[in-house]
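In order, the protein sequences belong to chains A, B, C and D.
Per my numbering, residue 1 is the first one in the first sequence, and the count goes up by one each step.
Per my numbering, residue 1 is the first one in the second sequence, and the count goes up by one each step.
Per my numbering, residue 1 is the first one in the third sequence, and the count goes up by one each step.
Per my numbering, residue 1 is the first one in the fourth sequence, and the count goes up by one each step.
It is worth saying that the hints were derived from the structure and are not from the lab.
All values derive from a computational prediction rather than experimental measurement.
Beta carbons: idealized from backbone N, C-alpha and C, even for Gly.
Any given hint could be a false lead.
To be verified - One side of the interface only, derived from the structure: several residues of chain B facing chain A at Cβ under 10 Å:
(1) 235
(2) 237
(3) 247
(4) 248
(5) 250
(6) 258
(7) 259
(8) 307
(9) 406
Said to hold, decoys possible - On the chain B side, residues computed to face chain A include the following (Cβ under 10 Å):
(10) 130
(11) 155
(12) 233
(13) 236
(14) 293
(15) 306
(16) 311
(17) 314
(18) 316
To be verified - In the EDC-like style, the derived pairs of lysine to aspartate or glutamate whose C-alpha atoms are separated by at most 16 Å in a straight line are:
(19) B:2 x B:271
(20) B:223 x C:316
(21) D:223 x D:281
(22) C:223 x B:404
(23) C:151 x C:92
(24) B:284 x C:271
(25) C:151 x C:35
(26) B:351 x B:409
(27) A:393 x A:405
(28) A:225 x A:346
(29) A:223 x D:281
(30) A:284 x A:318
(31) A:345 x A:131
(32) A:284 x D:400
(33) C:284 x B:409
(34) C:225 x C:191
(35) D:284 x A:271
(36) A:421 x A:346
(37) A:74 x A:46
(38) A:157 x A:40
(39) A:225 x A:320
(40) D:123 x D:400
There are 4 protein chains.
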Amino acid sequence: MKECLSRLRREFHAYPEAGWEEFYTTAKIIEYVKELDCFEILTQKECINESFLRGRDVDAVKASRQMALKNGAKEEIIDALGEITGCVCVFDSGRAGASIGLRFDIDCVCVSESKNPSHAPQKLGFASKNEGRMHSCGHDGHISIGLGVAKFISQNKHLLNGKIKLIFQPAEEGVRGGAAVANSGVLDDLDYLMACHIGFCAKSGEIVINPTNFLCTSKVDVKFKGLASHAGASPNEGKNALLAACFAVTQMHAISRHGAGMSRINVGRIEAGSGRNVIADSAKLEIEVRGETSQINAYMLERVRAIALSSAQAWDVECDIQIVGEACELENSKELTELLDGVLKDDKELKNRFSTVIKTREFNASEDATLLIRRVQECGGKACYFILGADIKAGHHSSDFDFDEGVLESGVMLYQKLLLKLLT
Amino acid sequence: MKECLSRLRREFHAYPEAGWEEFYTTAKIIEYVKELDCFEILTQKECINESFLRGRDVDAVKASRQMALKNGAKEEIIDALGEITGCVCVFDSGRAGASIGLRFDIDCVCVSESKNPSHAPQKLGFASKNEGRMHSCGHDGHISIGLGVAKFISQNKHLLNGKIKLIFQPAEEGVRGGAAVANSGVLDDLDYLMACHIGFCAKSGEIVINPTNFLCTSKVDVKFKGLASHAGASPNEGKNALLAACFAVTQMHAISRHGAGMSRINVGRIEAGSGRNVIADSAKLEIEVRGETSQINAYMLERVRAIALSSAQAWDVECDIQIVGEACELENSKELTELLDGVLKDDKELKNRFSTVIKTREFNASEDATLLIRRVQECGGKACYFILGADIKAGHHSSDFDFDEGVLESGVMLYQKLLLKLLT
Amino acid sequence: MKECLSRLRREFHAYPEAGWEEFYTTAKIIEYVKELDCFEILTQKECINESFLRGRDVDAVKASRQMALKNGAKEEIIDALGEITGCVCVFDSGRAGASIGLRFDIDCVCVSESKNPSHAPQKLGFASKNEGRMHSCGHDGHISIGLGVAKFISQNKHLLNGKIKLIFQPAEEGVRGGAAVANSGVLDDLDYLMACHIGFCAKSGEIVINPTNFLCTSKVDVKFKGLASHAGASPNEGKNALLAACFAVTQMHAISRHGAGMSRINVGRIEAGSGRNVIADSAKLEIEVRGETSQINAYMLERVRAIALSSAQAWDVECDIQIVGEACELENSKELTELLDGVLKDDKELKNRFSTVIKTREFNASEDATLLIRRVQECGGKACYFILGADIKAGHHSSDFDFDEGVLESGVMLYQKLLLKLLT
Amino acid sequence: MKECLSRLRREFHAYPEAGWEEFYTTAKIIEYVKELDCFEILTQKECINESFLRGRDVDAVKASRQMALKNGAKEEIIDALGEITGCVCVFDSGRAGASIGLRFDIDCVCVSESKNPSHAPQKLGFASKNEGRMHSCGHDGHISIGLGVAKFISQNKHLLNGKIKLIFQPAEEGVRGGAAVANSGVLDDLDYLMACHIGFCAKSGEIVINPTNFLCTSKVDVKFKGLASHAGASPNEGKNALLAACFAVTQMHAISRHGAGMSRINVGRIEAGSGRNVIADSAKLEIEVRGETSQINAYMLERVRAIALSSAQAWDVECDIQIVGEACELENSKELTELLDGVLKDDKELKNRFSTVIKTREFNASEDATLLIRRVQECGGKACYFILGADIKAGHHSSDFDFDEGVLESGVMLYQKLLLKLLT
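Input sequences plus hints: build the corresponding full structure.
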């Protein structure tokens, strides 16, 4: 199995695609799963709510769709996807039992892969064929684990009761895709949801069963549209989008700290105006807020909105506010982390692979799996997120990133044991 | 007549009252005019539109009303005034003829009169009896001229055709009273309106028939009301009126210059908050805009409004905007300035008194008579404003201000000649 | 002893004095201690560094000094104080031994005492004789405990070795006085320093030996001085202190949050300008910053300073920055809290009085004793702060505040035991 | 001559070069003038003060220099130019007489020329060969007139006394080149300086001898350099260049209007930051100020500087301020406009060509010839600027711009007559 998982991971590594652009990736997943002949494949509205498409660039989507065909994705599968990537593969035993979701994110990072000949993907010939794109966060590994689990299911379909949904989620980078999956309805019947990340804050042989400090965040783009006029002759006839933007920035950064905990605001980028002698007719802000809790994050977001809208009003310009990403805090369901803990302690094979079980360790970043987890919990299910330790060659998102492929088999094995525990 | 006019002026000088507080003054005017027995007296809604009461302090109004009674104003007249000062005295000949308005402003300045024994009002015993109040702009003289004209009308009532309205306007200081008179309807049937100021930019013996550069202006008070909270424990629970105010100030001063001419903005005063460890729940701004034309002034005012409202919205506080004063530019009706010019040239007595007729000279200040003049012109009438020269002892509004009382008789005489010209 | 302590407390309660104005209070303390005939009295530079006088109003100081004489303070003592309140009473045994400081704060709050006849100080006739001033925080009790300890020392002077300094600190309210004492040198030879507060978060019979969450804070006043000019005629000739202030406010509130923990900023009050048609020539801001740690507080303060200075520069106005209060976090020396804990456990009398020993409880406010404690620790000594529980009738700083006087004897007894433990 | 002038104009039209990049243009001018064999050619420091190079892009300069060689400019001339364009051609008669300068600007506009086949330069085959560059302001005509005058001088060198300097100035667009010429010393010995523009506010057959309303202006680029940090983890460790820039913008737009006349400020463009989750470490502002007079413009510029520097200080970032363009108001020397007026009235040929002599007409734009004119006047000489009327096909700076070439011969003829008048 190990070789098979490595082979799969390397195939996906060679064709990395950015968030919402994963047409080749999704098509290959579907092609593989169809072969197994025991899954129903859900796509588009069946697993993605289009009202929650965060930070999706329509032009890039179209280009990537064309590229997928060129690279050999099957036309009938691409047709079935329409313009929406990602899929959910459903195994239904037809027998009573729990309903379990496993979530795997599938997008890459916008980084050019290292050309260093000692970089393993170069040396072994599976480096990115898409310039400016690289699986430098390990999602290629996640896909591979997901397909390994699919194969396991197909081989044990008479044994497993209940229902299993393998969720291949697009656009995790920038925490963009989670909201669309969480609000699609595909999770609402789940009794359990599990998700994990490889690498990160844990080494090969380690597993963190209850990582902490997942930051709630919203990513927001604000555009102001005004009216140009000559800055010397008729400045009053202009509607100054640049000034609206600058006063919005200064007010956003002055949003009050929150008494209940950590909050953050950053306008990280501004671009406005065309030339020095013209009243600027357009401006764009790229904004991020964070909060220690969802409430604090919501407070920050509400204040950002109010300031954007009122700055537009003050300067008589139009304002467009887009949420382009979001994630919330993580609260693992106790029942599931205990189950995980128990399996890791009791199962010999797993004990062998995970010699160090870490209860909690700080994650200190954002993950949109949290939105899926919250949804499942809100619908009455249990959900958890854990870290599968894996030695890495360089930091996540760097061009020299690579990970110990041993984690792939370990990951599949852990999910096998969990499925067997819950569904037999 | 000269002695009579001086006596009247000094009586009013001794009891100066600030804008909207002229109860004693109005009562004494009415008492005097009633004696003449040929005028109808209009008060309250008949000559003041209460929707346009600019910069009126209700508490000060009540106190001044009581004081007027104490100082000997007749109770039945004060009762008739209600809480509104000013009056219009209408002479209607019952015969066909033009309808003419003459406007006299009656309020004083909030200045304490000089205690210097060489200051004439002190030496001659008619200095202000109301501490902190002084007729240091010459409106006492204006009242006196108005009453002199009233007497002349009563003595020539069989000679004069048409209709004459003597408009005793409250609250010219701060350009507060004009709007209420202009919008009351009392001017709408006038064929002619005339108004003047004594002193200012012209000496005894001079008259300026077409003064220029009257500044359009609006005076605005903005109050923000928020919610206090503890700045350490729960800053986010406050609604910060101080921040709303400061962001309003910074945005107001950034209102674009106008391509068509001079504009001005000044937030001259701010006061907000109660203490350093409390999120401020209240703030007040005192604002002034100006424009070379009414349009420019209106542009500035509209921008101030939009910024005040949107700053309130940005910081989730309430906002109250009050116009507390306004004046517009002056455009004298050519027909009237030519009439004035002609009378001054042709009449021997007038030539004697006004040896120097100045066509134009810059006024460089604001006057709310401009609102009355614009109203008359909009209704199809003619209107003008002129400067009656008078030597002054010190600048207008200073505590040593005094003027050459010779101007009183000259003023009455000029109006006599004009009335005779137009109504016989 | 109980009656004596109550009597003392009530005498001080009747003559409350605000921070830096405690002339009567200091004189009475000195008068009492001199009678005991075994203390050296330090005043002025001996215990107050005049470079660190925070938030001191010179006019109020002078008035209070006169009032103290009128109320019967001894003239020779007032002369000795000069214009500086507070004193340190030093007992030196002349024998080897530790050097111990005990700190008692002596100022009152600017609150008018309740006139309610059921309010004990009214009922029993010791209510404040100084209108607008009230010992509504319990510092009258602190003084009383301090004098009780002084009496104990005088009665046991042959028993006690080493040196004891009783520090009667002015101006704790607004965290104003601590810095001047901490930087005077009077603490630098201490091996131990102890301070406490009565009431607060603990009831009669309770004692909190290691209260937490003392907020670091700096209180800052910023004044801008510009140049007035006519807002219509020559706005450019003015130097706009109001605008400088508003841009300072907006920038201060935009100071970045700190990655290492809680920070706060509040401009709680602004007042600027004289009238709407004048470019404002003066402005004043009342500001407060806080930080979870001294470093974070220092970061906030440094940013406030930089913004104040640069806003002045931007608008060509002068800027005056005054620190008017400061406090830091509390880190009790472990050795001392353990000593305290041990004494409370081992001593029967104390066990009787303090039935409940609380290890930690949140203080959630600021205290300038923290500055004294930090100083002693920096000089190599040990220091701690604790809460002497006492039932209170109403919240600290309210006009109905009163406390269970039983705490006075308990407090003196605790210090007695500690002194005996450390100095015999 | 007419054909010769047209031919020259069209040659330059085909190779338009932007400001500071006019290597081909300058080389061709020098080549032509050298042929005439009576001029000394001044380049680099002889006519350009490198401390006043406004708005010059070093990379573009280098590229353009290479392109000039490729297009056939003589290598020895390009070598002589170094990296500085423009030249002054000096005819010195060796005989006593006045010293006269004529100024011709030589740069093009960054506009792509119309591809419309009916556009004359397209139809006649002399359209721009440099994409994105076009002589759409008529400076190609100015060069042609200058060379026509050079030819006339060479043909009349025994007749003309004194000295003549033909000043071929780079970079008039954006008012960038004038300051470097004005401060080079090359003008300081001139008794007379004349400059003109073709087209603009006057038609063929018209000449405006004293155009008015030249706007004083300064173009300023401000760059802020801060320090990036992670917006979530350690926002306080960043030095926020974006916030410094936004607070600079808001303050700049709030610079007070000027009592003495029209002023303008516009930040027309801002770009800052790299991404939403990073504290921005760089920002750039493109700014323009204007004033009715040099003093007002200087006031605006001084305020912009102060605000830029102090915003940098407030946010602890570095600040770089570059003046990238400047022009002042025009005050033609009365003696010269009268001379011009006289020649136009007296000379038959000129009367024929210029049927309409317009005394004043508003220019309503900026021109850096004003800096040369002011310099000459400051050094004791006389100087003037006039408009040579010419029908135009489309507005200056538009891609369809073209002008009536008849103006070329008229322009040369006018200069001939003036030179003969002044130097014979």
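Taking 16 Å as the top limit, are the C-alpha atoms of residue 223 of chain D and residue 281 of chain D close enough?
Holds, because 11 Å separates the two Cα atoms, which is no more than 16 Å.
Given the hint that residue 225 of chain A pairs with residue 346 of chain A, does the C-alpha gap stay at or below 16 Å?
Measuring from Cα to Cα gives roughly 62 Å; hence the hint is violated.
16 Å Cα cutoff - pair residue 223 of chain B, residue 316 of chain C:
Not OK: residue 223 of chain B and residue 316 of chain C at ~28 Å, beyond 16 Å, violated.
Should the hint that residue 406 of chain B touches chain A count as held when the rule is a Cβ pair under 10 Å?
Violated, about 47 Å.
Check the hint pairing residue 2 of chain B with residue 271 of chain B against an upper bound of 16 Å on the C-alpha distance.
49 Å, violated
CA of residue 421 of chain A to CA of residue 346 of chain A, is that 16 Å or under?
12 Å, holds
16 Å limit on alpha-carbon distance, applied to hinted pair residue 223 of chain C and residue 404 of chain B:
Not OK: residue 223 of chain C and residue 404 of chain B at ~45 Å, beyond 16 Å, violated.
Sort out whether residue 320 of chain A lies within 16 Å of residue 225 of chain A, counting only the CA atoms.
8 Å, holds
Taking 16 Å as the top limit, are the C-alpha atoms of residue 345 of chain A and residue 131 of chain A close enough?
44 Å, violated
Run the distance test for residue 74 of chain A versus residue 46 of chain A: straight-line Cα separation, threshold 16 Å.
Roughly 20 Å between the alpha carbons, so the hint for residue 74 of chain A and residue 46 of chain A is violated.
With chain A as the partner, please determine if residue 258 of chain B meets the hint condition of a C-beta pair closer than 10 Å.
4 Å, holds
Does residue 393 of chain A pair with residue 405 of chain A here, judged by a C-alpha cut-off of 16 Å?
12 Å, holds
The structure does not agree with the numbered hints 9, 10, 11, 14, 19, 20, 22, 28, 29, 31, 32, 33, 34, 37 stated previously, though it agrees with the rest.
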